[in-house]
Amino acid sequence: MDINRTTTLGTSNSLLNYMRSSTSKYNELSLQASSGYKVTTLSDDPSSTRTLVSISSQLKELNTYLDNMTSAQTELDTLDSTLSSVTDLIQKATDLATQAANGTYSDEDLANIKTQVDEIIKSVVDLANTKYDGKYIFSGTATSTQAYEITYDTDGNIESILYNGTLPASDYERYVTISEGVSVSINANGQSVFGTYTATDDNGTPIDPSDDVAATGSGLLYTLGVLSESLASGDQTAVSSCLTGLGTALDNVSATRTKFAAVSNKFELTQDVINTTITTLKTYQSDLRDTDLSEVMSDLAVQQTALQATYKVFSQVSSLSLLDFM
Amino acid sequence: MSLVSSLNIAQQALSVNQAAITVISNNIANVDNENYSKLRVELADVINYDYLADPTTQANSLNGVQISQIKRYSNAYLQSYYWSENSTASYYEKYAQIASNIEDIVNELNDTGLSNALSKFYDAVNALNETPTDKSARENFVSCAENVCSVLNSYYNSLTNIKENLVGDYQTADSVQNSEIGNNIKTVNDLLDRLANVNENLLKTGTLGISSNSLLDERDALISELSSYINIDVDLQTSGAASVSLGSYRLVNGSEVVGYLDAATGTASKPAQINIVNSEGTTLYADINNSITGGKIGSILDICGSSTIDFTISGVIDQLNTIAQSFANIMNDIQTGDPEGDGTTALCLNAAGTQLILATENIFLNSETGLRTNITAGNISMNSAIIADSNLVAAARVTISGTTPLSYYQDDIGNNANSTLILASRDTTYSTTTYTPSVVNLGGQTLEGYLATFASTVGYDVDSINNSLSTQATVLNEIESQLQSETGVNLDEELSDLIKFQRAYEAAARVFSTCNELLEELINLGR
Chain A
17 MDINRTTTLG
27 TSNSLLNYMR
37 SSTSKYNELS
47 LQASSGYKVT
57 TLSDDPSSTR
67 TLVSISSQLK
77 ELNTYLDNMT
87 SAQTELDTLD
97 STLSSVTDLI
107 QKATDLATQA
117 ANGTYSDEDL
127 ANIKTQVDEI
137 IKSVVDLANT
147 KYDGKYIFSG
157 TATSTQAYEI
167 TYDTDGNIES
177 ILYNGTLPAS
187 DYERYVTISE
197 GVSVSINANG
207 QSVFGTYTAT
217 DDNGTPIDPS
227 DDVAATGSGL
237 LYTLGVLSES
247 LASGDQTAVS
257 SCLTGLGTAL
267 DNVSATRTKF
277 AAVSNKFELT
287 QDVINTTITT
297 LKTYQSDLRD
307 TDLSEVMSDL
317 AVQQTALQAT
327 YKVFSQVSSL
337 SLLDFM
Chain B
1074 MSLVSSLNIA
1084 QQALSVNQAA
1094 ITVISNNIAN
1104 VDNENYSKLR
1114 VELADVINYD
1124 YLADPTTQAN
1134 SLNGVQISQI
1144 KRYSNAYLQS
1154 YYWSENSTAS
1164 YYEKYAQIAS
1174 NIEDIVNELN
1184 DTGLSNALSK
1194 FYDAVNALNE
1204 TPTDKSAREN
1214 FVSCAENVCS
1224 VLNSYYNSLT
1234 NIKENLVGDY
1244 QTADSVQNSE
1254 IGNNIKTVND
1264 LLDRLANVNE
1274 NLLKTGTLGI
1284 SSNSLLDERD
1294 ALISELSSYI
1304 NIDVDLQTSG
1314 AASVSLGSYR
1324 LVNGSEVVGY
1334 LDAATGTASK
1344 PAQINIVNSE
1354 GTTLYADINN
1364 SITGGKIGSI
1374 LDICGSSTID
1384 FTISGVIDQL
1394 NTIAQSFANI
1404 MNDIQTGDPE
1414 GDGTTALCLN
1424 AAGTQLILAT
1434 ENIFLNSETG
1444 LRTNITAGNI
1454 SMNSAIIADS
1464 NLVAAARVTI
1474 SGTTPLSYYQ
1484 DDIGNNANST
1494 LILASRDTTY
1504 STTTYTPSVV
1514 NLGGQTLEGY
1524 LATFASTVGY
1534 DVDSINNSLS
1544 TQATVLNEIE
1554 SQLQSETGVN
1564 LDEELSDLIK
1574 FQRAYEAAAR
1584 VFSTCNELLE
1594 ELINLGR
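Chain order of the listed sequences is A and B.
FYI, the numbering used here numbers position 127 of the first sequence as 143, with every residue one higher than the one before it.
FYI, the numbering used here numbers position 254 of the second sequence as 1327, with every residue one higher than the one before it.
Keep in mind that a hint or two might mislead.
Derived lysine-lysine pairs resembling DSBU-like cross-links, with alpha carbons at most 30 Å apart [stated by the list, open to error]: (1) B/K1144 to A/K76; (2) A/K328 to A/K298; (3) A/K108 to A/K76; (4) B/K1277 to B/K1259; (5) A/K147 to B/K1277; (6) A/K282 to A/K76; (7) A/K282 to B/K1277; (8) B/K1208 to B/K1193; (9) B/K1259 to A/K147; (10) B/K1277 to A/K298; (11) B/K1208 to A/K54; (12) A/K41 to A/K328; (13) B/K1193 to A/K76.
Bear in mind the hints are in silico, worked out from the structure with no lab data behind them.
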């Protein structure tokens, strides 16, 4: 028997098969062209599936980091402008102390200066209690606790300025994650920046300096408190010795500002790196997943021609019959 | 005498050609019937003369034409090749169909998958990290964590549903018998009965005659259908009856079905046990699963089984379980344990949100036991205590000691060291040695990395099944067209045969009328 015998059913079956595969290729291409994606199921291109799934979660992660830095930068800006105001106030206090140490001022003048210094102290405490997004930024992690409490005695003199936030020795840092595995602290400890102050206890009247309990505290607030006390008592030597403390406090605030300026810089650098990474990943993702339209459109045209040819052949072959010649 | 003999020969030719035209008309009628094998009339002259006689005597003893046989076009080798390849093709066809359903369920390239749910979860952790005291950030964390659970649950349930539709619940006989595999087995048994019936008729009629040809066509069609369900070996006998075996087990022997299939309850790793039973339902051979390697039934058994090589539903579920258990362990350890081993303790807020307290509630639990052990994709759920009070989510982490007791930290509600740890876990790679107290082994990958690998493994598996299918389909198409070219009907061939027999009929008719005229002449001569 002749192996090349073609049968009517066989011919139409094989033509039908070709037509089916042409149609399915055509459908696949038009799907790619209309959806814009060449990979829509896991098995479309298994070698890039892993990368595509990874890239999509990586992109989301990187965008989170960018958002984090934008929001953290606003908090850092608040911190910096607060500390800048503090710097101005220290400068003002230094000017007043320098004037008062001159020795040419009367007691009345000194009392006047003390009132101004007290105002400065109050402003510093207000600044130390700055809130950002509902959080006291200098309270460490005790974000709902007001950082400083100021108390006055019956004469209207400052009695104490105490810090209520997380102590410097404790885990006071609040962290922001800015890139894979990197988180940075974005808050300064209030006590480290401003210090504390408890006034000299003069242990009742009449005033007997020998049983006084000396003023305690640290940092800027201590210096300002002592300055206020010295001005009240007219002790110009003590006033002049406060100048050193004010200088140290100024340096301390500047150092803190520098530290967080460095964090801001780090943000900027990290943002640049992340933006570059995002661009690279998106390009890669698009290479793997997106349809190359010009290629698909030309393939589509080729496939369309092939399909039309198949239709034509099918109709011609089907109409071909010996019957027509009988 | 010889004129009458010529008349007889012509009359014989007329009836033979008429029969040939009948066969052609039968062929043409069946031109679109896939199962039909072309028939052809084979002619032979009737030899009835004496070779030693003189030529005139020889001529006078010629006896015309007869139908020697009606030949059925068939090719036993191709036919049985077709049956065995059809079995394999049906196997891959079913396998690919189920695999593509599974692929659709776990399509991580969609925006609705697990990787998207995990991204949203980490976003929520990030928001919590930014403002640990914000109630809405905490509620958001809870709903995103619940979302991860429900995606895992729905993956698990959809996969389990597919499996139950295919093989039912392996513990209940009714359920197994009413599943797809049970119904397929009923069809197989029905086909076996019909084949035995055809065999019986073939044994009665023998191979001769048109009626046996249509029986042979029916026999081939039944075996073809049977081969799409299971792998079979066919033993064709001279009578045309076909004996059918599955592996080494004989199912049809001549006119008798000696073994029916039966689907019985199985085990977790073997969802249905296939037995061979006799017509009374008595088990002849138990557990012949390993012999079924082809057809739809073979692929259902394989994809629902527990092979570590093949792509199976339970393999996919196992990987999802690893993801669920690992995710739950990582989060629970950060929530209540000390995964870094640095002596720190996780703290959450009190109900009022004003102070830190010890975190004791796990985030994820096994919904069946209420414990944090044996969590799977099917049972992972949020701890209801956390859902009721989102302040119980630990965002803070501190070192508690004699000099710094819990009360020392109680106001530090903005501490976010613990949520920072959760964020860091996103980029941590896990293998057996890196994590305590729970063992988390993601083969040295991150959780999302493991998920991506899982997705690509499914992709590779489905792709390879699709490739096998298309290869097998090509093979089958090739055999089908070869078989068709051997056994099918070509209209042009039939039409030319038709003309041939028509002309022969016309010629025979002319001979008949010529003889008739001669006879008439002879009769007139005698008048």
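Hints and how they fare:
1. B/K1144 to A/K76: 72 Å, violated
2. A/K328 to A/K298: Outside the cut-off at roughly 44 Å; violated.
3. A/K108 to A/K76: Violated. A/K108 to A/K76 sits at ~48 Å, over the 30 Å cutoff.
4. B/K1277 to B/K1259: Holds: B/K1277 and B/K1259 sit about 28 Å apart, inside 30 Å.
5. A/K147 to B/K1277: This hinted pair is violated, its Cα atoms lying about 102 Å apart.
6. A/K282 to A/K76: 21 Å, holds
7. A/K282 to B/K1277: With Cα atoms ~95 Å apart, A/K282 and B/K1277 exceed 30 Å; violated.
8. B/K1208 to B/K1193: At roughly 18 Å apart (the allowed maximum being 30 Å), B/K1193 and B/K1208 satisfy the hint.
9. B/K1259 to A/K147: 76 Å, violated
10. B/K1277 to A/K298: Violated, because 75 Å separates the two Cα atoms, which is more than 30 Å.
11. B/K1208 to A/K54: 43 Å, violated
12. A/K41 to A/K328: Within the cut-off at roughly 18 Å; holds.
13. B/K1193 to A/K76: 9 Å, holds
Of the hints listed earlier, those the structure fails to meet are numbers 1, 2, 3, 5, 7, 9, 10 and 11, in rising order.
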